[in-house]
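These two chains come separately, so use the hints to put the complex back together.
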Amino acid sequence: MHERLRVIQPSPPPDGPSAAACGSTRREFLADALRLSSGAVVLLAGASIAEGAAPAEKPAGERYNWDEHLYAYLIDTTKCIGCGSCVRACRAENGVPDGFYRTWVERYVVGMESAHVDSPSGGIDGFPPIQVSFVATKSFFVPKMCNHCKATPCIQVCPVGASYRTKDGVVMVDGERCIGCAYCVQACPYGSRFLNPTNHTAEKCTWCYHRVTKGLKPACVEVCPTGTRLFGDLKRADDPVRQAIEHDRVAILQGHLLTEPQCYYLHLDKEVR
Amino acid sequence: MPEISGFAFPNDVHVWWSLMIVLYPYLTGFVAGSFIVTSLYHLFGRQEFKPVARLAMATSLAFLAIAGLPLTLHLGHPWRNWFVVVTPHFTSAMAGFGILYSGYLVILLLEVWFVWRQEIIARARRSRGFMRGIYKLLALYTYDTSPEARDIDHRAITVLAAIGLPGACMLHGYVGFIFGAIKANPWWSTPLMPVIFLMSAAVSGIALLIVLYQAVSKFQRRPADQPCVSALARWLWFFLILTITLELLEIIVMAYEKSESWVIISELITTRLEFSYVTMQMIVGGLIPLILLAIVVMMNRYLHERVRNTLSTAAALLCLLQVFAMRWNIVIGGQLLSKSLRGLRSPYESEVFGHEGILMAIALFIAPFVILWVFDRLLGFSEPEEEGGGQAEHGAAPERAASTTMQL
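So the sequence lines, in the order shown, correspond to chains V and G.
Reminder that position 188 of the first sequence reads as 188 in our numbering, one-by-one numbering, no gaps.
Reminder that position 267 of the second sequence reads as 267 in our numbering, one-by-one numbering, no gaps.
Source of the hints: derived by calculation from the structure; they are not laboratory data.
Nothing false has been slipped in among the hints.
Only some residues are given here: those of chain G computed to face chain V with a beta carbon under 10 Å:
#1 M1
#2 P10
#3 N11
#4 D12
#5 P78
#6 F83
#7 A93
#8 A95
#9 G96
#10 G98
#11 I178
#12 K183
#13 E260
#14 K339
#15 L341
For each residue, glycine too, the CB sits at the ideal point set by N, CA and C.
Only chain G is shown next, with the shape it has when bound in the complex (with noise of 0.2 Å):
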């Protein structure tokens, strides 16, 4: 039984939100987060993303294939979680799980399927065997490479992005919303809440993107592309700010306040969270990798390529750690108060094995990578530039950039 400190109420000393569920806004993230990155290339034309647009794209796939799997293991009833979708009771926020997922998911297939259309034509024809129908099959059997065929995908691109970029919003913002929505929570119940977990959503897709972009370069033996490095950092760095902002803002309106719950929840901070929040959250992955950034973006034309990116490779790396702390904090922390508001129970710790436990949550990380990993050797990453795949996409953005901006 876990120790309690003051009172708890009997059945408040349980923490039914397992690692799971801090593992699951933590994947959608990454989700929500890799897609903005995309969309700022494939709706806004912004030229210096072309680099990652793909593999964002990509890992905005892999992880929302995986993203699913921790609510259904969490269940008491994992065999009963097509209820959810089947017979949603409408006025839960979890119900809306259902629509907004599949919603998402057949959006990014389509956009997927019309981003590497070219290059899946242009693999089917060079296969031979099994691979070839394979590649044939992706292809849904369709060879047209024609200036009008590339035409409408590139206008079906452009118009799925701007149904998926407040598809991926929805879809995060919307796991904010189900804490957020708590009003018996004083830690969850803030309006702010989905805001706080969209940008962080957006810190640590960009985030994985960097450490990703920079993996992938070794790997591929190329160097990374600065400027492309450059403008991650930059995002990174301006929606950081914006995250600590709101994460602080939450905080001390709480504090000024003197709300009913801030003795509490100021204890929480202090003592139970005291390493998550405190170093890991605040310091360790908000304060040092906002400096790391300060110096990438306000320094930039002075630095040395393999400074940039390891300055912007360690940044990211820290900003990984605040976000995973941030959903700790904010998933496990409202679970270790007392809704009585006077207890707090000890700090908790996660099973290894199990299918809650630690074991699991590394599995479920590492599953999207894997998913990345057979998407590169299928499709691959790069931009098809040398097949002149790359050439009408090098023609067709800058129009879409400027088409989008006239429309703003």
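Bound-form chain V, shown alone (with noise of 0.2 Å):
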């Protein structure tokens, strides 16, 4: 049994006072007393009554409509501090085998004539300190997973179309369908997707689905304590990876491949593919 994480409701949106009510005038706000008052007797003489009578509420899985969202994430590497929280919450929220990464964190130590880079255990357990042969002059954390690509190899190569993308844009590969073939993974430039050694299906992130749509977010933004990951959707003109999509300069991984990614980073170094 993996610990699941501790649900958090999402906020409602930020809908501010109207210009009316601020404006208010004495007469009005006895008369809205008035009303609200009287709609306390009635309710309190006929509550179990109205519940009775009022449709009962959706749960959220159910309300939810994906035409309506279109998500993107955003990592800034400059924020990173390695603590790897985001991959132990996501193998504790996903399951993920030992020896396999849905998200990794990678170290980068960069000289003028070298570069070093590892990933112990995915950046599980933090970093050690390291030691390195040349002049350091740089050092960084770039988290990595799925870039949920609009164009992507993956879905594109499997012969089953068991993998598949989202209406909101989240690519997924059903388990059920899935033959365990492994050209996704052959054919994923950025090494997220691998065979699960239990039930031999392909497996990758899905920016946590069963819970960003119940409004949560994804387990790794949710325990990320620096804010180096976001999620965000692109159909909210307010969303801050879309106002940083629009207006920072930010870049993808393997850009020159087409894929189009939906993970996009601030500050990306050069030593990074």
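Here's what the structure looks like:
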């Protein structure tokens, strides 16, 4: 049994107080108060009846409409401290088998002549100190995961259509259809996929689709202590991820392959592939 | 856990495509290569291939019967293999397998039937009891051996060979495409890949036929037809030159371009694949048979029969090694290389037992030869000249050759 993350209800949409309410007169206030008190009397008198008569509210999953969302992910590499919380949270949330990774963190130690890259156990236990044989001039961490590409080769090569992209922009695998041929694993340029050694089907990051469709954040975003990882909805104009993609200088991994990743990076170094 | 030199993406340390995926293109290579040889006789009227034309066709069928098995055995869910045929996802190169495989199988079965029809009927008439029933069934209860029926047979064979040749080429070219179209892997991603696979298929097919023909001749205690051996050696030499040239060109272009991936690929070739690539694929399986075959081809008329047989068979055996090494280096080599282009994993060692192990691979490689043996017992490889069928073919082949030349 793996530990599930604490479910945190999403904050309501930021609807500010209306201008009319701000400028309400005393007369309007009294009228409103009267209406409210009479409503309260009715409510107190017939609460049980009202309860029975009101239509049952649908659970969050059923209310979800994927036409209303288009997800994207933003990673600010300057903020990552390599604590590995995201990798641990992902493992706990999704039951990722040992030795395989839906997300991982890479450490870059870079000098003018050389660069050292490592990711011991995907960074799940953080990073031990290292010494390099060259003069290091900068060092940073880069979280990695499935890029949920728009033009993704993994979906293209799946011989049975088990890999697919949802309308809200998440690349998923149907474990009931997957034949375990590993063609998608070979085709992913980012090393994001693997065959689960237990059920022998392809597995990868789903951006915690089971959470995001309930209005929650992916586990890795939820636990990131520095705000390195941000999950956003491109269909919301005020979304911070959308704002960053629109206005900041963002980069993607292996852009030359034209896979149109939906995982964007801020301050990406040339050494990162 | 495998050892990693440099940095590999954490999920990139596994070899997902195992020995079975090495074996799959190896077996389909024999299918395509053998069919090319049989087409040289049936379609292009090359009379020198007549002694091996039937053997080549039976070889193609025997290997095709087994070719799908390694793919299935490799799957995480082998019982879902029919999904690929029933609900193919057409943007996938792999989805083409069902169509190409079954299409080619139908064409090949039909062609085998037309080629062996006279023989089946003759055996049905000769045999008694249970075997008679078998031959009767194989003849589809049609005993028509009239000149008109034979003429129809010959025309059908030509038409089927004309469809079958591109079919065989596409079946194997598509195997190369499966690798060549993976842009994530620089060791695979080259448009040359399907062509290299096709050329090496021809090499493996012809090489196998040289070995098989010598074995069958020994088994039947008949001397191997020397013009046929010479022709096979000549065509093997031709296709080996093309294969080695293309394989070298692929590397030379990468090295000359100093492409992003060349640093890691050069390390892959010179460290992890040093034995299988440099030694086996290029020297033992490439350079040496090139020299041996050059001797057979260029000094043909000075060679004693036994020397020719020995040299060409030795070269053919080395070519079989070369092609296996090439499949290994492509399939396994491509997975030793991380897509980070910063690291290599330690060499892959296949399991011995298990459904993807070495013993299974050996069994799958032997299985087509067992099928061939059964085929020989049932229908035979020799041209039925003594029954008059051969004479008809003798007459028909040059006519077909003439018509093909005219069409060309």
